[in-house]
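**Q** These are the residues of each chain, in order.
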Amino acid sequence: MKMRKPSSSEFPIAVLKNAKFWNGKSFELRDEVRLTSGQNGDTIEYDCKGALVLPALFGFGLDFMEPLRDDVYTCADGVDAMLRGGFYGGLYESAANPIDDADKLTAAENRFSSFGCLGSSFDIKFLGAYSKGFGTDSLAEMMELAESDAVAGFGDGNGVIPHSRFLRLAMEYGKMTGKRFFFQPMDKTLRHSGCVHEGAYSDMLGMKGIPRIAETIAAYTVLETARFLQVPVHFKQVTCGETLELVRDARKKGMDVTCDVGLYHLLLDDSCLETLDSAYHILPPIRSAADRDALWQGVVDGTINAISVNHTPVLRQDTVVNFEDSVPGALSLEVALPAIWNKLVAKVGEARAIELLSTAPARLAGSTPVANNVVVFAPDKPHVVVESDFAGHVCNSPLLGAELPSSILAVYINGFWKEL
Amino acid sequence: MSSLEIKHLFGLRGVSKHDIRLILDHAKQFREILERPVKKVPSLRGMTVVNLFFENSTRTRTSFELAEKRLSADTVNFASSNSSVKKGETLVDTLRNIEAMKIDIVVVRHKGTGVPKFLADNSNAIIVNAGDGAHEHPTQALLDMLTIEEKLGTLEGKNVTIIGDIRHSRVARSNLWGMSTMGAHVTLCGPSTLVPRNTDLMNHVTWEPDIKKAVANADAIIALRLQKERMDDALLPSMREYRNTFGITDELLECAKDKVIIMHPGPINRGVELDSDIADGEHSVILDQVTNGVAVRMAVLFLLAGGRNNENA
Numbered sequence: 003m004k005m006r007k008p009s010s011s012e013f014p015i016a017v018l019k020n021a022k023f024w025n026g027k028s029f030e031l032r033d034e035v036r037l038t039s040g041q042n043g044d045t046i047e048y049d050c051k052g053a054l055v056l057p058a059l060f061g062f063g064l065d066f067m068e069p070l071r072d073d074v075y076t077c078a079d080g081v082d083a084m085l086r087g088g089f090y091g092g093l094y095e096s097a098a099n100p101i102d103d104a105d106k107l108t109a110a111e112n113r114f115s116s117f118g119c120l121g122s123s124f125d126i127k128f129l130g131a132y133s134k135g136f137g138t139d140s141l142a143e144m145m146e147l148a149e150s151d152a153v154a155g156f157g158d159g160n161g162v163i164p165h166s167r168f169l170r171l172a173m174e175y176g177k178m179t180g181k182r183f184f185f186q187p188m189d190k191t192l193r194h195s196g197c198v199h200e201g202a203y204s205d206m207l208g209m210k211g212i213p214r215i216a217e218t219i220a221a222y223t224v225l226e227t228a229r230f231l232q233v234p235v236h237f238k239q240v241t242c243g244e245t246l247e248l249v250r251d252a253r254k255k256g257m258d259v260t261c262d263v264g265l266y267h268l269l270l271d272d273s274c275l276e277t278l279d280s281a282y283h284i285l286p287p288i289r290s291a292a293d294r295d296a297l298w299q300g301v302v303d304g305t306i307n308a309i310s311v312n313h314t315p316v317l318r319q320d321t322v323v324n325f326e327d328s329v330p331g332a333l334s335l336e337v338a339l340p341a342i343w344n345k346l347v348a349k350v351g352e353a354r355a356i357e358l359l360s361t362a363p364a365r366l367a368g369s370t371p372v373a374n375n376v377v378v379f380a381p382d383k384p385h386v387v388v389e390s391d392f393a394g395h396v397c398n399s400p401l402l403g404a405e406l407p408s409s410i411l412a413v414y415i416n417g418f419w420k421e422l
Numbered sequence: 007m008s009s010l011e012i013k014h015l016f017g018l019r020g021v022s023k024h025d026i027r028l029i030l031d032h033a034k035q036f037r038e039i040l041e042r043p044v045k046k047v048p049s050l051r052g053m054t055v056v057n058l059f060f061e062n063s064t065r066t067r068t069s070f071e072l073a074e075k076r077l078s079a080d081t082v083n084f085a086s087s088n089s090s091v092k093k094g095e096t097l098v099d100t101l102r103n104i105e106a107m108k109i110d111i112v113v114v115r116h117k118g119t120g121v122p123k124f125l126a127d128n129s130n131a132i133i134v135n136a137g138d139g140a141h142e143h144p145t146q147a148l149l150d151m152l153t154i155e156e157k158l159g160t161l162e163g164k165n166v167t168i169i170g171d172i173r174h175s176r177v178a179r180s181n182l183w184g185m186s187t188m189g190a191h192v193t194l195c196g197p198s199t200l201v202p203r204n205t206d207l208m209n210h211v212t213w214e215p216d217i218k219k220a221v222a223n224a225d226a227i228i229a230l231r232l233q234k235e236r237m238d239d240a241l242l243p244s245m246r247e248y249r250n251t252f253g254i255t256d257e258l259l260e261c262a263k264d265k266v267i268i269m270h271p272g273p274i275n276r277g278v279e280l281d282s283d284i285a286d287g288e289h290s291v292i293l294d295q296v297t298n299g300v301a302v303r304m305a306v307l308f309l310l311a312g313g314r315n316n317e318n319a
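Chains as they are written, first to last, in the working numbering: chain Z, 3 to 422; chain B, 7 to 319.
Bear in mind the hints are in silico, worked out from the structure with no lab data behind them. There's no promise every hint is true.
Stated by the list, open to error - Only pairs whose alpha carbons sit at most 30 Å apart, straight line, appear in this in silico DSS-like list of lysine-lysine:
1) Z:Lys210 - B:Lys45
2) Z:Lys106 - Z:Lys134
3) B:Lys34 - B:Lys263
4) Z:Lys383 - Z:Lys345
5) Z:Lys210 - B:Lys157
6) B:Lys108 - B:Lys164
7) B:Lys23 - B:Lys263
8) B:Lys75 - Z:Lys190
9) B:Lys218 - B:Lys263
10) Z:Lys210 - B:Lys34
11) Z:Lys22 - Z:Lys383
12) B:Lys75 - B:Lys108
13) B:Lys234 - Z:Lys190
14) B:Lys157 - B:Lys108
15) B:Lys218 - B:Lys157
No experiment lies behind these values; they were computed from the predicted model shown.
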């Protein structure tokens, strides 16, 4: 396994000057604020020149690929990306490495702590698998997994939702844990071999589409099962307004249903397919402009609880091919905040923006934010995204080369200081 | 202007009327040359063309190869079945290796949408799309347009009906873009499981589910090949029902204009999309399409290479 220690400096005390600090309700200009990690050590002083200092973020949708694909990405890369992007923690679920028993949970936790105190500093929560190997034959040891505070709930590894009987049994058994079930709703038979949103652009380009009903039918199956069993559920990376309608209806019936939306699903629509650029090959698929508008409406009216980064590293060789043969996925930890902040604030204000990116996902994952973990952020300082902005040796992002309206200047997380 | 605005031929969507006109006019001249005893011209002498076919093809590859040879180009055929692609070589590595051999033009067919553009983004060669997935097959549409102009005088104001598996057809997509640009009115007809599902694309054409109505005003009918896989994928119940519902038969042609022409991109499933009597009958211009295919491909290669030569001059 490669061991690249993320580049950062340990300064247990940071003195931030001339910054607008978030006080829980608004930003207020303060001459100086002293942040400490609770340890003694060196101090760094930093002139923020009027920049915002906001709470560090909590990321949904992390998969750092270790151990099976550490040729692509490692936990060290992931932690480096989190630091660059201002994330103090995240919800980790590896599609290739299901955490289906306590030993695998310990192994996953050890991967983060194995490269020193920086790795241990991040608050990583895990989604346990509800089945062995993300299969449909045997249940995972959910009760034992749930004994750990690090397990936020149980998930499907972004795979297909199993057949209805197994789904029922998994939720019925998992209900004893009191944990939430996380699903990326997708009916595999309706998805078939689709790789993009089924719509005007898939028709025009002759590409196989994934219809909205692939998501809604799967979501409905989950909701009905959850309603029957009274189990809390969360939908990951919802892509269309119809699914949000199902969530609203379920809440009206008193169900405990939460959901998140992917960063790129708020930023893009399927007109990007015209470029035929594999950087836009993202699953679940980027849908139409009308869907994107419906998602924004869900953000505004509170249907959507959190914004997911769905950080998915892909090797360059798997992206430098034609669209349909490329491996789907996009990096987002490093660019999420500068890409979305101004749009979010314009739609929902600063408090709700912070909630969507930090406090709400943290709450859903059972993480308690630490007040001294902050991001120094310049909302009006543009930044052109370059390869070196990304951790590790991959850079698969549709924002590569784009000018973002904002910049992260520095981050301070549990005594680790990084200027960008 | 006597040169193309496009640098490569990826498809006909977005290609100007000027460029299509230029290609068709040049194709008509090459068509005449093909009738001469000596059918060869020196236009591409010294240039090398690689036919990079990742999908099986007989007639399109042969047509391109003939066009290249008629233009005196050096021609190399590359088929994925006997290449390093079988050994795991990536598309871009294949291209770069071929390009390192100093080729000028790549004619490519691939199952993936956008492969020609991908190759153009990653090489200096001129790229000609010989079919990419279900996206576009521009030279097939150009030869269809040439055939219609040859038989009916013009495309402007003509009614062209395309029947069959529209959803999976690159030929249909290229035709509807190209023919719309040239002023023809395109009607699509086929089983509801084999037509595009979204209206945006259909805004450019008329969708007519009743085949008798679809052919009634047609000046030209293009029947598309029906792939057997569509039955396996539960998109159709049987060839038999397809033939009875959407096949072009003598009985159906009684609903059409007397002078309607029947076209097919080939290869034909006789007795499925076209009855044999129709395929070989007086309305059929299928073999003219084949001849025009060589002429159109000569025009495309000549004009694209000419553009590059002008740039280099």
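**Q** Evaluate each hint against the coordinates.
**A** Each hint, compared with the structure:
Only pairs whose Cα atoms come within 30 Å are accepted, and Lys210 of chain Z paired with Lys45 of chain B is rejected, the gap being roughly 42 Å. Our distance criterion of 30 Å between C-alpha atoms is met by Lys106 of chain Z and Lys134 of chain Z, whose separation comes to about 11 Å. Distance hint between Lys34 of chain B and Lys263 of chain B is fulfilled; the C-alpha atoms sit about 26 Å from each other, no more than 30 Å. Distance hint between Lys383 of chain Z and Lys345 of chain Z is fulfilled; the C-alpha atoms sit about 14 Å from each other, no more than 30 Å.
Distance check on the hinted pair: Lys210 of chain Z and Lys157 of chain B sit about 36 Å apart at the alpha-carbon level, beyond 30 Å; violated. Of the pairs offered as hints, the one joining Lys108 of chain B and Lys164 of chain B is violated, with about 44 Å between alpha carbons and a cut-off of 30 Å exceeded. With a C-alpha separation of about 28 Å, the suggested pair Lys23 of chain B and Lys263 of chain B falls inside the 30 Å cut-off, and the hint holds. Simply put, Lys75 of chain B and Lys190 of chain Z have alpha-carbon atoms about 48 Å apart, too far for the 30 Å limit, and the pair is violated.
With a CA separation close to 11 Å, the supplied pair Lys218 of chain B and Lys263 of chain B stays within the 30 Å bound. Restraint check: the Cα-Cα separation between Lys210 of chain Z and Lys34 of chain B comes to about 37 Å, which exceeds 30 Å; the hinted pair is violated. At roughly 15 Å between alpha-carbon atoms, Lys22 of chain Z and Lys383 of chain Z fall within 30 Å of each other, so this suggested pair holds. Between the alpha carbons of Lys75 of chain B and Lys108 of chain B the distance comes to roughly 18 Å, so the proposed pair stays at or under 30 Å and holds.
Our distance criterion of 30 Å between C-alpha atoms is met by Lys234 of chain B and Lys190 of chain Z, whose separation comes to about 23 Å. Restraint check for Lys157 of chain B and Lys108 of chain B: not satisfied, since their Cα atoms lie roughly 41 Å apart, outside the 30 Å limit. Of the pairs offered as hints, the one joining Lys218 of chain B and Lys157 of chain B holds, with about 23 Å between alpha carbons and a cut-off of 30 Å not exceeded.
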